[in-house]
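Number of protein chains: 2
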Amino acid sequence: MALFDNKERTNLEELGEFGLISYLTKNFALSQKSTLKGVGDDAAVLDPEGKKVLVSTDMLLEGIHFDLAYTPLKHLGYKAIQVNLSDICAMNAIPTQVTVSIGLSSKFPLEAVEELYKGIYVACEKYNVDLVGGDTTSSKQGLVISVTSIGYADEKDIVYRNGAEEGDLICVSGDLGGAYTGLQLLEREKLIYLENPNIQPDLEGKDYIVERQLKPEARKDVVELLKEIDVKPTSMIDVSDGLASEILHICKQSDKGCNLYEEKIPLDPMTFETAREFNLDPTVCALSGGEDYELLFTVKQADYDKIKFKMDISIIGYITESNAGCNLITKSGVVHPLKAQGWNAFKNGE
Amino acid sequence: MALFDNKERTNLEELGEFGLISYLTKNFALSQKSTLKGVGDDAAVLDPEGKKVLVSTDMLLEGIHFDLAYTPLKHLGYKAIQVNLSDICAMNAIPTQVTVSIGLSSKFPLEAVEELYKGIYVACEKYNVDLVGGDTTSSKQGLVISVTSIGYADEKDIVYRNGAEEGDLICVSGDLGGAYTGLQLLEREKLIYLENPNIQPDLEGKDYIVERQLKPEARKDVVELLKEIDVKPTSMIDVSDGLASEILHICKQSDKGCNLYEEKIPLDPMTFETAREFNLDPTVCALSGGEDYELLFTVKQADYDKIKFKMDISIIGYITESNAGCNLITKSGVVHPLKAQGWNAFKNGE
Numbered sequence: 001m002a003l004f005d006n007k008e009r010t011n012l013e014e015l016g017e018f019g020l021i022s023y024l025t026k027n028f029a030l031s032q033k034s035t036l037k038g039v040g041d042d043a044a045v046l047d048p049e050g051k052k053v054l055v056s057t058d059m060l061l062e063g064i065h066f067d068l069a070y071t072p073l074k075h076l077g078y079k080a081i082q083v084n085l086s087d088i089c090a091m092n093a094i095p096t097q098v099t100v101s102i103g104l105s106s107k108f109p110l111e112a113v114e115e116l117y118k119g120i121y122v123a124c125e126k127y128n129v130d131l132v133g134g135d136t137t138s139s140k141q142g143l144v145i146s147v148t149s150i151g152y153a154d155e156k157d158i159v160y161r162n163g164a165e166e167g168d169l170i171c172v173s174g175d176l177g178g179a180y181t182g183l184q185l186l187e188r189e190k191l192i193y194l195e196n197p198n199i200q201p202d203l204e205g206k207d208y209i210v211e212r213q214l215k216p217e218a219r220k221d222v223v224e225l226l227k228e229i230d231v232k233p234t235s236m237i238d239v240s241d242g243l244a245s246e247i248l249h250i251c252k253q254s255d256k257g258c259n260l261y262e263e264k265i266p267l268d269p270m271t272f273e274t275a276r277e278f279n280l281d282p283t284v285c286a287l288s289g290g291e292d293y294e295l296l297f298t299v300k301q302a303d304y305d306k307i308k309f310k311m312d313i314s315i316i317g318y319i320t321e322s323n324a325g326c327n328l329i330t331k332s333g334v335v336h337p338l339k340a341q342g343w344n345a346f347k348n349g350e
Numbered sequence: 001m002a003l004f005d006n007k008e009r010t011n012l013e014e015l016g017e018f019g020l021i022s023y024l025t026k027n028f029a030l031s032q033k034s035t036l037k038g039v040g041d042d043a044a045v046l047d048p049e050g051k052k053v054l055v056s057t058d059m060l061l062e063g064i065h066f067d068l069a070y071t072p073l074k075h076l077g078y079k080a081i082q083v084n085l086s087d088i089c090a091m092n093a094i095p096t097q098v099t100v101s102i103g104l105s106s107k108f109p110l111e112a113v114e115e116l117y118k119g120i121y122v123a124c125e126k127y128n129v130d131l132v133g134g135d136t137t138s139s140k141q142g143l144v145i146s147v148t149s150i151g152y153a154d155e156k157d158i159v160y161r162n163g164a165e166e167g168d169l170i171c172v173s174g175d176l177g178g179a180y181t182g183l184q185l186l187e188r189e190k191l192i193y194l195e196n197p198n199i200q201p202d203l204e205g206k207d208y209i210v211e212r213q214l215k216p217e218a219r220k221d222v223v224e225l226l227k228e229i230d231v232k233p234t235s236m237i238d239v240s241d242g243l244a245s246e247i248l249h250i251c252k253q254s255d256k257g258c259n260l261y262e263e264k265i266p267l268d269p270m271t272f273e274t275a276r277e278f279n280l281d282p283t284v285c286a287l288s289g290g291e292d293y294e295l296l297f298t299v300k301q302a303d304y305d306k307i308k309f310k311m312d313i314s315i316i317g318y319i320t321e322s323n324a325g326c327n328l329i330t331k332s333g334v335v336h337p338l339k340a341q342g343w344n345a346f347k348n349g350e
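Line order of the protein sequences matches chains F and P. According to the numbering used here, the stretch in the first sequence is residues 1 to 350, in order. According to the numbering used here, the stretch in the second sequence is residues 1 to 350, in order.
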């Protein structure tokens with residue numbers, strides 16, 4: 001599980017801050033017409049061409065959001081971009097630019113930072129997003145990554161969290177709980193490795209959920225699909241903290257309630273099996289696991305026909321009036337009030 | 001020099017992430033017409049009203065960019081915003097929105113985080129800037145602050161680093177070297193305090209340079225002044241790494257040289273005196289000290305009459321052809337090639 005061997009090791013001091021930035025960003029081409037000026041001045045200059053501007057930002061800290069014992073730096077760079085793009089997609093918009101700031105301790109040689117930037121590069125290229133700015137600094141405290149993403153949309157297309165109406169169908173893309181069960185697997189293999197470094201990690205056949213954890217994808221394709229089938233959600237959010245936490249955000253901000261059906265929650269068979277292996281309830285993994293970066297949204301009942309046969313979208317419940325509360329109807333028909341037990345960023349702290 | 005007493009101490013865990021964000025941002029009103037949606041959704045929504053968008057981002061790390069032994073948290077919050085607004089001003093634009101992400105270790109009680117946000121609040125209110133988003137997380141590694149600032153400008157008004165022409169006058173706002181000499185003073189008093197905690201810090205009469213270090217101001221007023229007197233600089237940058245480093249950026253990106261006159265570099269008498277006290281050359285403090293956050297810019301000679309009597313702007317040299325190099329003409333008439341010895345973010349690391 002070694003992150004990088006030390007055969008080639010160039011110290012960051014040799015390049016200096018400006019040298020490092022130019023070195024790391026030299027392969028990043030600008031592809032967006034809206035990017036008038038990228039890296040290299042006091043600020044980036046963007047042309048929204050009459051559209052509204054969406055801005056979102058996230059911070060990822062070593063030891064809180066990622067564990068370098070099992071997170072390859074290239075995957076980490078990729079994920080740092082994806083989790084941010086996901087927020088722009090959740091507004092029903094297409095992300096177009098990012099800025100990336102990183103704090104690096106001297107334990108990272110240049111070759112390691114390059115791996116991180118390779119992942120950033122792959123994510124930017126695949127999603128057609130320009131890297132337009134950032135900051136690079138040393139850190140006394142481990143790796144720090146802060147990404148800001150930017151996108152554009154016509155005002156009429158923007159979807160907020162607060163627009164859900166009674167009777168709207170609750171939909172979610174992809175499947176849920178995979179990232180969380182993948183994390184359990186990686187944590188288990190890390191413990192085994194720490195006890196006996198000669199044992200190789202056993203992740204065989206578990207690629208899908210490991211990838212869900214290490215290499216999530218922002219669902220830009222879902223935003224495109226919704227446009228294509230002419231469906232504008234009434235509300236939308238991305239699933240970063242778990243289904244329960246997210247639907248509660250939508251209900252609270254829309255001043256509504258909801259009924260979610262346990263049997264409708266999309267689970268990949270591997271998520272189901274692995275959860276069972278760990279004596280976890282697969283439904284709880286979906287409700288409270290988080291980091292799936294799927295899109296959770298509500299649509300008018302009138303849009304049912306447009307959405308019902310879309311392979312990658314599940315209808316998992318409907319919006320009710322506020323007084324009815326937020327409920328999960330279990331497979332056995334029992335009604336449970338939903339609680340946000342999502343990942344709390346302050347419970348992982350020291 | 002205690003940062004905060006522990007009489008009142010509310011643990012961050014008690015609030016949780018969403019509770020903390022709402023608590024900290026509850027007093028922040030939105031004042032910009034261009035802010036359609038601030039904190040509370042997946043992304044902020046901004047309306048540039050046909051203008052171009054400027055975006056800049058900076059990361060501040062404990063132990064690298066600030067020392068909590070002598071930096072009050074309120075000042076730190078204020079400074080974190082100002083250093084970022086300064087980048088937007090350096091494009092000849094007015095900043096209008098910021099996002100703020102912070103990583104907090106559990107050594108910070110809620111009352112400390114509130115102090116930090118009070119400083120952020122004062123900076124935002126004074127500069128008429130809206131806080132529109134961010135991220136709050138725990139940190140295993142001390143305090144981490146990442147700010148992204150946004151502004152708008154008509155394309156014709158934006159000033160880049162690369163527009164300086166031969167014969168242009170080199171101008172700088174305010175005075176230089178103060179932030180660096182202020183830092184020397186604070187570092188000295190910290191050492192004295194560490195040796196003998198009964199000795200109170202002696203900063204008497206040094207308010208100006210201490211404030212230059214702890215509470216810098218983005219020169220939005222200079223951007224406004226330039227507009228008022230109808231001068232569009234041919235190039236501009238803010239002085240974060242020292243005058244030498246910044247003029248070299250302008251010359252390199254404009255493919256030009258320059259002559260700077262030592263006697264013209266604006267120094268406050270307190271900067272001069274304090275540098276002498278520390279056996280430092282005051283000119284070197286201005287050239288290589290950094291963190292003054294003044295604006296360095298070039299103007300056409302034709303604009304000389306408009307700028308010559310502006311109290312707060314000094315003309316310190318002129319742009320030459322590229323082959324002439326970048327030079328400092330000392331008070332005794334000796335010509336020295338300018339070197340960037342600005343603060344290197346990777347030399348302070350572990």
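A hint or two may mislead.
As the list makes no split between identical chains, a pair holds if one copy fits it or if it spans any two.
Said to hold, decoys possible - Below, a list of computed lysine-lysine pairs in the BS3-like style, where the Cα atoms sit at most 25 Å apart:
#	residue 1	residue 2
1	Lys107	Lys310
2	Lys51	Lys232
3	Lys126	Lys107
4	Lys252	Lys26
5	Lys306	Lys107
No wet-lab data here; the hints were simulated from the structure.
Okay, the hints, checked on the actual structure:
When the C-alpha separation of Lys107 and Lys310 is checked against a cutoff of 25 Å, the pair qualifies neither within a copy, at 47 Å, nor between copies, at 49 Å. In the homo-oligomer, the alpha carbons of Lys51 and Lys232 lie at most 25 Å apart inside one protomer (17 Å), although the nearest pairing across protomers, at 27 Å, exceeds that limit. For the homomeric pair Lys126 and Lys107, neither the shortest alpha-carbon distance inside one copy (30 Å) nor that between copies (40 Å) is at most 25 Å. Within a single copy, Lys252 and Lys26 get their C-alpha atoms only as close as 45 Å, which misses the 25 Å cut-off; across copies the closest is 17 Å, which meets it.
In this homomeric assembly, Lys306 and Lys107 never come within 25 Å of each other (Cα to Cα): the closest approach is 53 Å inside a single copy and 52 Å across copies.
The earlier numbered hints that this structure contradicts are 1, 3, 5.
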